[in-house]
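Chemist: Let's have the full structure, built from the sequences with the hints guiding it.
Okay, so the sequence shown: first residue is 0 according to numbering that gives the first Met the number 0, each after it adds one.
Hints in this document: simulated from the structure, not taken from any laboratory.
Given the structure is predicted, the values throughout are model-derived calculations rather than measurements.
Incorrect hints may have been included.
Beta-carbon label-pair distances, calculated as ranges [to be verified]:
1. R7 x G131: 56 to 66 Å
2. A14 x A132: 47 to 57 Å
3. G131 x T10: 52 to 62 Å
4. A113 x G85: 19 to 29 Å
For glycine and all other residues, C-beta sits at the position ideal for the given N, C-alpha and C.
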Amino acid sequence: MPELTRRRALTAAAALAAAAGAQTLLAPGASAAGHSHGGALEPFDEVYKGRRIQGRPTAMDGMDGMDGMDGMAGTGGGHHHGHGTGYAVFVDGVELHVMRNADGSWISVVSHYAPVAGPRAAARAAVDELQGAALLPFPAN
0 MPELTRRRAL TAAAALAAAA GAQTLLAPGA SAAGHSHGGA LEPFDEVYKG RRIQGRPTAM
60 DGMDGMDGMD GMAGTGGGHH HGHGTGYAVF VDGVELHVMR NADGSWISVV SHYAPVAGPR
120 AAARAAVDEL QGAALLPFPA N
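Modeler: Dropping the structure here:
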């Protein structure tokens, strides 16, 4: 059996790294498994753990409020709902800023490092993270 030299160990490590990199390149969507890609997002209005969470698509041009969301018109006047995602999410009437990632997953200002499958899941994750605390308005600029 040949002796293990530093050169052979480094060659083997480089080969393993190259194989792992090739696997990642061949399956780029694997990290986004379970996340929704494209398609129309449906509005929602529900109570989750005692908190009212709402979400609906917004018009990309006239985003000054949530017409039809039970007294929430003008809540975010002039704010950029969803950072250009075309979707607005609210927790107890306060806007939860959400953003869609390139892989189709969603994050919010409350649970920024925990991507989820959609805006409803982002609202639920925010409620979980808040643990009963009120969501404070997020200043837009």
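Chemist: Does each hint fit the structure? Answer for all of them.
Modeler: Consistency of the hints with the structure:
no. : hint                   : result
1   : R7 x G131: 56 to 66 Å  : holds, 58 Å
2   : A14 x A132: 47 to 57 Å : holds, 51 Å
3   : G131 x T10: 52 to 62 Å : holds, 56 Å
4   : A113 x G85: 19 to 29 Å : holds, 22 Å
Consistency with the previously given hints is maintained throughout, with no hint failing.
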